[in-house]
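S.K.: Could you build the full structure based on these sequences and the hints that come with them?
Number of protein chains: 2
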Amino acid sequence: MPYDPSAFPPFAVTVDLVVLTVRRHALCALAVRRGEPPFQGRWALPGGFVRGDEDLETAAARELAEETGLLAHDPAGPVAPNAAHLEQLATYGDPGRDPRMRVVSVAHLALAPDLPAPRPGGDARSVSWVPVEELLHPAGYGRDGDVRAPLAFDHARILADGVERARSKIEYSSLATAFCPQEFTVGELRRVYEAVWGVALDPRNFHRKVTGTPGFLVPTGGTTTRQGGRPAQLFRAGGATLLNPPMLRPEA
Amino acid sequence: MPYDPSAFPPFAVTVDLVVLTVRRHALCALAVRRGEPPFQGRWALPGGFVRGDEDLETAAARELAEETGLLAHDPAGPVAPNAAHLEQLATYGDPGRDPRMRVVSVAHLALAPDLPAPRPGGDARSVSWVPVEELLHPAGYGRDGDVRAPLAFDHARILADGVERARSKIEYSSLATAFCPQEFTVGELRRVYEAVWGVALDPRNFHRKVTGTPGFLVPTGGTTTRQGGRPAQLFRAGGATLLNPPMLRPEA
DNA sequence: GCAATAGTGTCTTTGAGACAGTATTAT
DNA sequence: ATAATACTGTCTCAAAGACACTATTGC
Numbered sequence: 001m002p003y004d005p006s007a008f009p010p011f012a013v014t015v016d017l018v019v020l021t022v023r024r025h026a027l028c029a030l031a032v033r034r035g036e037p038p039f040q041g042r043w044a045l046p047g048g049f050v051r052g053d054e055d056l057e058t059a060a061a062r063e064l065a066e067e068t069g070l071l072a073h074d075p076a077g078p079v080a081p082n083a084a085h086l087e088q089l090a091t092y093g094d095p096g097r098d099p100r101m102r103v104v105s106v107a108h109l110a111l112a113p114d115l116p117a118p119r120p121g122g123d124a125r126s127v128s129w130v131p132v133e134e135l136l137h138p139a140g141y142g143r144d145g146d147v148r149a150p151l152a153f154d155h156a157r158i159l160a161d162g163v164e165r166a167r168s169k170i171e172y173s174s175l176a177t178a179f180c181p182q183e184f185t186v187g188e189l190r191r192v193y194e195a196v197w198g199v200a201l202d203p204r205n206f207h208r209k210v211t212g213t214p215g216f217l218v219p220t221g222g223t224t225t226r227q228g229g230r231p232a233q234l235f236r237a238g239g240a241t242l243l244n245p246p247m248l249r250p251e252a
Numbered sequence: 001m002p003y004d005p006s007a008f009p010p011f012a013v014t015v016d017l018v019v020l021t022v023r024r025h026a027l028c029a030l031a032v033r034r035g036e037p038p039f040q041g042r043w044a045l046p047g048g049f050v051r052g053d054e055d056l057e058t059a060a061a062r063e064l065a066e067e068t069g070l071l072a073h074d075p076a077g078p079v080a081p082n083a084a085h086l087e088q089l090a091t092y093g094d095p096g097r098d099p100r101m102r103v104v105s106v107a108h109l110a111l112a113p114d115l116p117a118p119r120p121g122g123d124a125r126s127v128s129w130v131p132v133e134e135l136l137h138p139a140g141y142g143r144d145g146d147v148r149a150p151l152a153f154d155h156a157r158i159l160a161d162g163v164e165r166a167r168s169k170i171e172y173s174s175l176a177t178a179f180c181p182q183e184f185t186v187g188e189l190r191r192v193y194e195a196v197w198g199v200a201l202d203p204r205n206f207h208r209k210v211t212g213t214p215g216f217l218v219p220t221g222g223t224t225t226r227q228g229g230r231p232a233q234l235f236r237a238g239g240a241t242l243l244n245p246p247m248l249r250p251e252a
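Chains as they are written, first to last, in the UniProt record's numbering: chain A, 1 to 252; chain B, 1 to 252.
These are computed hints drawn from the structure, not numbers from a lab. Values in this document were obtained by computation on a predicted structure and should not be read as measured data. Here a beta-carbon is modelled for each residue, glycine too, at the ideal position from N, C-alpha and C. Fair warning: there could be bad hints in the mix.
Label-pair distances were calculated between CB atoms; the ranges are [what the hints assert, rightly or not]:
| # | chain 1 | residue 1 | chain 2 | residue 2 | range |
| --- | --- | --- | --- | --- | --- |
| 1 | B | G198 | A | R204 | 32 to 42 Å |
| 2 | A | T223 | B | R167 | 36 to 46 Å |
| 3 | A | D74 | B | P245 | 33 to 43 Å |
| 4 | A | D74 | B | A80 | 44 to 54 Å |
List of simulated lysine-lysine pairs, BS3-like, C-alpha gap at most 27 Å [what the hints assert, rightly or not]:
| # | chain 1 | residue 1 | chain 2 | residue 2 |
| --- | --- | --- | --- | --- |
| 5 | A | K209 | B | K169 |
| 6 | B | K169 | B | K209 |
| 7 | B | K209 | A | K169 |
One-sided excerpt, in silico: chain A residues whose CB lies under 10 Å from chain B [as the list claims (entries may be wrong)]:
| # | residue |
| --- | --- |
| 8 | V13 |
| 9 | T14 |
| 10 | F49 |
| 11 | V50 |
| 12 | R51 |
| 13 | E54 |
| 14 | Q88 |
| 15 | G93 |
| 16 | P95 |
| 17 | G96 |
| 18 | R97 |
| 19 | V103 |
| 20 | V104 |
M.R.: Structure, rendered in structure tokens:
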């Protein structure tokens, strides 16, 4: 096929972000309330245009920083205190997904520790952490006047894909630690797994398994009693990225 | 951010294809020889522009049919004789990846049974099955006058990502059967795993494991002796898409 | 004392991997 | 007969899951 610049249809390219965290035992996603049509007043995923001289990952990291103040975690660099995991998720480009124009969106998945509160970026949109269940199945929820409407555009599908990616990736990688602060206990890590998978895990088997997987956790020496009960050892994430043996998600 | 159609930079959007098959005990990918600059004379992955009214998966299926005559396999529909597995792989959009213009490419991964020979599409480019080792590490190969040059553009990285996706997906899904004809033996399926992973597997343990995983294989009743030796049972792919227990890739 | 969380030990079952041995074809 | 491939059985070890038990805090 000859390359004729006028022969290809023009596209807009955006990045959309599925930013997940665990708050109060629930898996939550960052959502923005739309202030204008289409889908005015509905929740949407944060995102924006890719600039002309910017690669996709840089655009995603820029949007993430603008929305949350989080830095994308560079696996080669030092561990920043406000670092989040960031990876490409999938690309969505159905012709009718945005009624205004042809937009191809490269969705990214970010996993962040629990943050005090999302601080709005330069613009004045309302940005919040919303439980994933509430965004994906809005009919069953909606106390205190929340808008019980599905996500704008095809963002429900994008969020569902991101959640499923997170659920499967914490099985065989150490990514669950991306939801934890820099130092955390085994119990806190277990509550991350329980919130993301939506199951209850046996604390005793979990403890034995997670401390026995080489490279997953490194004890820092400190202890904490912030969960109540007997003081728990503090750990930080070890160097391993792939877990062997993996953590297995209960079936049923 | 207000939506001003003139405010976003224009992109071209293409689909590139990583089409894999197993031929003569080697994992091979479909490659086209470039007939014009840039990268004239080098191997590249097949691909083309996404049309203005076409979604991404349709564009990938169209390119696949144009290059190989294969139909993308619809999981809900009937099993066509010339069906291939097709899924989105990842998106590549670095500003400099194509020296002519800003191109974002949505790569797709296709897995196909061994075909007689690739038939060129409407245009006259040379299309061949090339062992992935030869494409990814061209220095060590290159008998009979082959061009020992790396793939054009960033296609080596795309191919490597596709190969790694295939290697990991046949662990926990029944996708390895996409490399086999409609009816196949346990030995033929084992040779697929051996070629994709580049390892030797114990035929006895493999047989026991693969026939014991529920929903993976369904006996057709027939037998064949096309591999020599004792006649082997013929199977077709069962309904299961996720394997439980999974096939484990040897480590070391 | 009680409640709560942390951590260890022990038993059973499942499955992975090594490998002996039998079955059925082509030559 | 020999070689080649297909298939079955048996053993050992690793790990998952169930669950009894002990440890250390706050109240």
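S.K.: Confirm or reject the claim that A/T223 and B/R167 have a C-beta distance inside 36 to 46 Å.
M.R.: Since A/T223 and B/R167 have Cβ atoms about 42 Å apart, the given range 36 to 46 Å holds.
S.K.: Just tell me: holds or violated, for the beta carbon distance of A/D74 and B/P245 against 33 to 43 Å?
M.R.: holds, 36 Å
S.K.: Return the status of the interface hint for A/V104: holds when the least beta-carbon distance to chain B is below 10 Å, violated otherwise.
M.R.: holds, 5 Å
S.K.: Just to be sure I understand the hint, the distance between the Cβ atoms of B/G198 and A/R204 should be within 32 to 42 Å; is that true here?
M.R.: holds, 40 Å
S.K.: Does B/K209 lie within 27 Å of B/K169 when you go C-alpha to C-alpha?
M.R.: Status holds; Cα separation ~17 Å.
S.K.: Checking hints one by one. Is A/F49 an interface residue toward chain B, by the C-beta closer than 10 Å rule?
M.R.: holds, 5 Å
S.K.: So, as I understand it, the hint says A/T14 touches chain B; can you test that by seeing if any CB pair is closer than 10 Å?
M.R.: holds, 8 Å
S.K.: Can you verify the interface hint for A/V103: is its Cβ closer than 10 Å to any Cβ in chain B?
M.R.: Holds - the Cβ of A/V103 comes within 10 Å of chain B, reaching about 9 Å at its closest.
S.K.: Could you check if A/V50 really has its C-beta closer than 10 Å to a C-beta on chain B?
M.R.: holds, 7 Å
S.K.: Using Cβ atoms only, decide whether A/Q88 comes closer than 10 Å to chain B, and label the hint accordingly.
M.R.: holds, 6 Å
S.K.: Checking hints one by one. Is A/V13 an interface residue toward chain B, by the C-beta closer than 10 Å rule?
M.R.: holds, 5 Å
S.K.: Just to be careful: measuring from the Cβ of A/G93 to every Cβ in chain B, is the smallest value less than 10 Å?
M.R.: holds, 4 Å
In terms of the numbered hints stated before, the structure departs from none.
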